[in-house]
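Asker: Listed below are the residues making up each chain.
Number of protein chains: 4
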Amino acid sequence: MVPRYSRPDMTAIWTPEARFRIWFEIEAHATEALADLGIVPKSAAKALWDWWATNPAIDVAAIDAIEAVTKHDVIAFLTWVAEQVGDEARFMHQGMTSSDVLDTCLSVQLVRASDILLADLDALLAAIKTRAYEHKMTPTIGRSHGIHAEPVTFGLKLAGAYAEFARCKARLVAARADIATCAVSGAVGTFANIDPAVEAHVAAKLGLTVEPASTQVIPRDRHAMYFATLGVIASSIERLAIEVRHLQRTEVLEAEEYFSPGQKGSSAMPHKRNPVLTENLTGLARMVRSAVVPALENVALWHERDISHSSVERYIAPDATITLDFALARLTGVIDKLLVYPARMQKNLDKMGGLVHSQRVLLALTQAGVSREDSYRLVQRNAMKVWESDGELSLLELLKADADVTAALSVAEIEDKFDLGYHLKHVDTIFSRVFGA
Amino acid sequence: MVPRYSRPDMTAIWTPEARFRIWFEIEAHATEALADLGIVPKSAAKALWDWWATNPAIDVAAIDAIEAVTKHDVIAFLTWVAEQVGDEARFMHQGMTSSDVLDTCLSVQLVRASDILLADLDALLAAIKTRAYEHKMTPTIGRSHGIHAEPVTFGLKLAGAYAEFARCKARLVAARADIATCAVSGAVGTFANIDPAVEAHVAAKLGLTVEPASTQVIPRDRHAMYFATLGVIASSIERLAIEVRHLQRTEVLEAEEYFSPGQKGSSAMPHKRNPVLTENLTGLARMVRSAVVPALENVALWHERDISHSSVERYIAPDATITLDFALARLTGVIDKLLVYPARMQKNLDKMGGLVHSQRVLLALTQAGVSREDSYRLVQRNAMKVWESDGELSLLELLKADADVTAALSVAEIEDKFDLGYHLKHVDTIFSRVFGA
Amino acid sequence: MVPRYSRPDMTAIWTPEARFRIWFEIEAHATEALADLGIVPKSAAKALWDWWATNPAIDVAAIDAIEAVTKHDVIAFLTWVAEQVGDEARFMHQGMTSSDVLDTCLSVQLVRASDILLADLDALLAAIKTRAYEHKMTPTIGRSHGIHAEPVTFGLKLAGAYAEFARCKARLVAARADIATCAVSGAVGTFANIDPAVEAHVAAKLGLTVEPASTQVIPRDRHAMYFATLGVIASSIERLAIEVRHLQRTEVLEAEEYFSPGQKGSSAMPHKRNPVLTENLTGLARMVRSAVVPALENVALWHERDISHSSVERYIAPDATITLDFALARLTGVIDKLLVYPARMQKNLDKMGGLVHSQRVLLALTQAGVSREDSYRLVQRNAMKVWESDGELSLLELLKADADVTAALSVAEIEDKFDLGYHLKHVDTIFSRVFGA
Amino acid sequence: MVPRYSRPDMTAIWTPEARFRIWFEIEAHATEALADLGIVPKSAAKALWDWWATNPAIDVAAIDAIEAVTKHDVIAFLTWVAEQVGDEARFMHQGMTSSDVLDTCLSVQLVRASDILLADLDALLAAIKTRAYEHKMTPTIGRSHGIHAEPVTFGLKLAGAYAEFARCKARLVAARADIATCAVSGAVGTFANIDPAVEAHVAAKLGLTVEPASTQVIPRDRHAMYFATLGVIASSIERLAIEVRHLQRTEVLEAEEYFSPGQKGSSAMPHKRNPVLTENLTGLARMVRSAVVPALENVALWHERDISHSSVERYIAPDATITLDFALARLTGVIDKLLVYPARMQKNLDKMGGLVHSQRVLLALTQAGVSREDSYRLVQRNAMKVWESDGELSLLELLKADADVTAALSVAEIEDKFDLGYHLKHVDTIFSRVFGA
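Protein chains in written order, with full-length UniProt numbering: chain V, 1 to 437; chain E, 1 to 437; chain G, 1 to 437; chain B, 1 to 437.
Any given hint could turn out to be false.
Repeated chains share a single entry, so a pair holds when one copy, or any two copies, can fit it.
[Unchecked claim] List of simulated lysine to aspartate or glutamate pairs, DMTMM-like, C-alpha gap at most 20 Å:
hint	residue 1	residue 2
1	Lys385	Asp115
2	Lys272	Glu388
3	Lys351	Asp390
4	Lys272	Asp390
Worth flagging that the hints you see were computed from the coordinates, not collected in a lab.
Computed from a predicted model, the values in this text were never measured in an experiment.
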């Protein structure tokens, strides 16, 4: 966890205190279920919840001190709780194994992390949608291979991003369900010492489903799928970040990360506004993705479990969720406040002197009866002049001045081929696909 | 693609001929839609389909020869088709861009690959289920950290695997839907030169959905999610493969990959039966996973598209699907024919002389009124003797011979604590969760 | 292996025939050493080499047919050789294990592959050096964050690339040494059945060192290091490829991948020259890198060996070397024939109207006694005019026309601050560091 | 950084205070060189060093407070230093760019980290060597595919590990050299505003070489190679860790992670000693490796630099070095104190009833004139009895009791084939290769 790439709500999920609070809830719910089954006294569960109702502070240092002696985190925690609650606490944890607590806790943490990430995605989607509608009909050049191709609108670029992050959200919903399971099944998952009803109760109370077949641990294919999904989302962040970085290049400058007017006046080199947020997002995307491979390697635990996954998760569970949360929020800010320059987009569109329309003219000449070869020759001889002028000459003007062309097409017909509306006539179609009717 | 790790049905999807066949279908369906819109003659579509009805062979060499001249694969293909079909073929591809064909074709190929993989998963699930029920109540030691823990059944191990691959199947169904989209939207995805109705028609005919916002290409987050999902499935394969490898170790030998009786007699070292299939699966899992990172790196194409993804997909699309198909089938064969040795499982269970039951005895002594400290001392002094005997002594026999123990517990009570049934009483619960009622 | 990304010399290393030839050499050299030790007759080695001297064709199909029966590739090969050579061949392979042949063969193949790759790097370095000197003093704008910063030369860009690929070469030399080892040590590496002198002889003949401690197999940390090194080289390829892609962007256009004059005339859209080679290299770099993780996962074989590495290497050894060879050659071609546009570089340099020089003016004003605040204000008010003009106005002209500025600095002094020579005075220093005196 | 997987010396390198100290040294050395060149007063450098000689505490909070205003870390630092040192400090940083400080600092940190890691490797090598010699002639079964193969010694296993980590050390020495470079070259690496002599001076003082061609930043192929090398070392750690985990399995139990006698008495289940340290190392290896891919992705910065690498390095530079340091030290402890059980090794060796010697008997029979077919039949019929007895019968005893065998071989000759010395005769050879004469 790198503090500068962290936000407090997500970070709070991964604190020792938050973990201990979840542990308590798991233990207390389990004790309650044990009491319902008549295995422990009802007073035991009541004592736990009564203490909890006092909203007690968790003394992490005290628990750590006990762990330093017992060398066992869950026992240290139980000991500390017993010190607070008193004798009734001895009924806690009966028939359970530490992993029942640890793994179910991780599920709760990942679910909470997912809920923050889903809210992040909603905020990002909202920001993208607002800007997409704002620039729904703002023409800009579409580029394939970095080279001018045909016109699109800036809104279309953002509509594509919206559709992509909407997919990311759906994937995260599925991944959240994948890790939202609860295991309270004992040493090797057989319920030898604990009734399955306890697991069902804990699961219901925590908003989880029961793990159908745990083996002391919840199977790690679930977590692998979860982190793989975060990796895909990170890659989509990278894509949009790189789009902004490209648009902000000195020679392109169709959009810029926000800078305040104060910032604007602060430099003798007013052009030196660097897309540092989106460059940063490019790096953060790499980091979120870096969790994917170790998560995949974590799946093949030996037999009923080994503990090799644990150290990996101590890193990647906080790091990947905290970093992704930060990245989504940063990207939302970038999009929300992005400075968009339609005039420059138009200037770039015009940069090629109208060459992007050459194919429509070619087709029109052919349809007007000029042979394919002649049509091609007519367009090409004018196109080359435009190209060699490095954008100084205009294809439209040259064609209108070319008698061989005007012999086949009227000026109005020629001008019609340079109509951006031709390219933008289905923007509505795409918007309604992406954003709904 | 490595031939020895390939099966013909999956490999067939990725041949040039298969690709050209799909290209034809896309083009012909598109021409049909164009004809319906009145943009091209109905006769054009008819000519294409009439020719197709003759079940023509695809002359890959001829198409390659044309491509060697035109340097463009789609044009080469169209030229060859035109040579076969005649003049009406000139209406093909109108308003389309090459990527409309290439990307939609890739979707079709990945859908077909997914269907084979789903069938593979069904076969694997069936094999696991059969063996799980066969060994539903076959006791075996559960191991955490590679160390004996408490009893489970061999059927429970397989039930866990079944649940895991059932999740894999659900994930693949979702991933299949993610890549089952069709783009026929022109140079930068604006439908400038082609009506969206054409895309809708092609999609419907090919069993795809329309891509809501393509940009010449179908966005690569879809493919990233797809290959990430294959990577998760591969990791689950690795997990089960490693379980088999462990079980086949000389010292464990609870199960073995199948060998025919003929093979059995073929060596002077009858113990040297190596789990080469599952070792191989371990390696193949690494290979399928190796597609994940490049697929994630493919997402961030520049602007409306660059072509950096293309070379990556030429490798990973065939390799990952072909290898995973092979691996799933190989694993199915391993499970289907796995030699399972219940007697050896029992022998291993007994190996610790009953130490796995020591905790139940400890609890029983406490419940019988012996102090916690004394109970512990009583159990421990016998347990240590068992342990030091390296499995020669039996904890049950020692306890029954320990007067301090029998003072608190009857022989019947002691024996009851060594009852495997205690551990296996919820096998039904788990089976019904995994396999349904 | 994807044929279109393969070159024949590298591909030839990985054919079955090449493999069998290396196997033969290993076996024949080993037999020779065994004969020197008096363990087998000298005539046995002679018979093998006599046959080899006839330059016999390797009948791969025949060997495969034998393998289909024996289920063992090395035995099949030995059987076939025995059929060719006759009775003396029975002394081959004595005391050896299959892995002695397979692993040593892989070493030979990787050494040969390395030699091709080293030659590729030499060719690339030569191409870069030539172009670097050609454009040693061609001014171009240096960019940080994609934004104009200060002037460099195009030669400096290439000098940096040269230094980077020179490092890559040194790394590959080290990686080659890492995998250039020979193991002929028997079933578990103890030389129980074969004298270490045989290994020493085979190693010497094949240009390898002896593996100090093999365990049936050569340890896979060597191969992991090898493929990791290829991954680093691939990333350097990606870096230079992305530089070219950026330079070819429509708005930048300072360089372009080569196109023949014929190609030039072939399109009505003369600007639509796509950097498809370097985009392709970007993708190929991802593929070469994808070998790194499985190679790292291959290291931890179980005990003296398991065979999980084998399937991985069947893919990555050919794929990574063939792809990298192709990529290096393609990049060499790109650099060798790169179209460089110094005039456009100058135009882009001038694009900001001289703003890149503003800091030098600021410093000069301060040094001329103007207060820091006033200096800043003077520069800024002119810089902002330039910036708002989108490159139409010139900072130099504005400053010369600003009386407050000329009160402190003479026109000559102002002009001096716009001298590119100031930025380029250490080009020689850097070139001599990179290319030597 | 996860505190429990961190050691203080390595962690100290990555604290803000350590970073600021290095920054100061870079700035002070540079100022010194500038003074030598006559560009700044000698008194400036003296003032800096005089202050430094007072061993001033670095007030990180104060610097952070300044950064909160200036939004620039290096300026904040310089401002704070100026507050401490006084007016002479204004000559610091002249002609330099922030990256000169940041990148050179990272080099210093990675060099220091490398030195700790090299010492870690030395300690690990020493521990392995001691144990290797201790068990140089301790026989144990060699296993391929997890199946008993032929005898080795436990010392040989460790000798192989020694050779592997010796390679790792050599690789790290090379990787350390790769990142030990210094850049003080200004905004785009041209030395426009600073003389190369300054860089040379700073480099010499800090024990670095000069970066031949920096571009504001030190090229990231160096760092990629560095982290790739750490990934290889991590994989070698994983290999040895997995060996220990295998040896500690209940059924194998040839070695165990150390537990104190006190721990021994603490459980009623004395067999439940889990190899948690080596399982943990398996996970930590995955984490160190997870730095490799983002480090490779960091290489292709845009043009003279973008800042996408920076966030990645904030994570992986501390995490990978701290985790690897911890892992090497933990592994050293594991090996140093490993409980090795020669008796159990012998028992496992004997487990197959001598089947591992069957091939030597087969060969002896053949050499004694028995036909190959008969020899095979004789060995096999006895071997199968041993195998079916699950280790109860002894091949040696059966052979000695088989009249057809004793007709060809004397009892002494038969017993000779069961001599472990045959397998161990070249242990010296291997040891002298690995450890030197």
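Asker: Taking the hints in turn, state whether each one holds.
Answerer: Hint check:
In this assembly of identical chains, Lys385 and Asp115 lie within 20 Å of each other by CA distance neither inside one copy nor across copies; the values are 58 Å within and 49 Å between. With identical chains, the CA atoms of Lys272 and Glu388 are at most 20 Å apart between copies only, with a shortest distance of 13 Å across copies and 30 Å within one. Both within a single protomer and between protomers do Lys351 and Asp390 lie at most 20 Å apart by alpha-carbon distance, with minima of 8 Å and 14 Å respectively. With identical chains, the CA atoms of Lys272 and Asp390 are at most 20 Å apart between copies only, with a shortest distance of 13 Å across copies and 25 Å within one.
Checked against the numbered hints given earlier, this structure breaks only hint 1.
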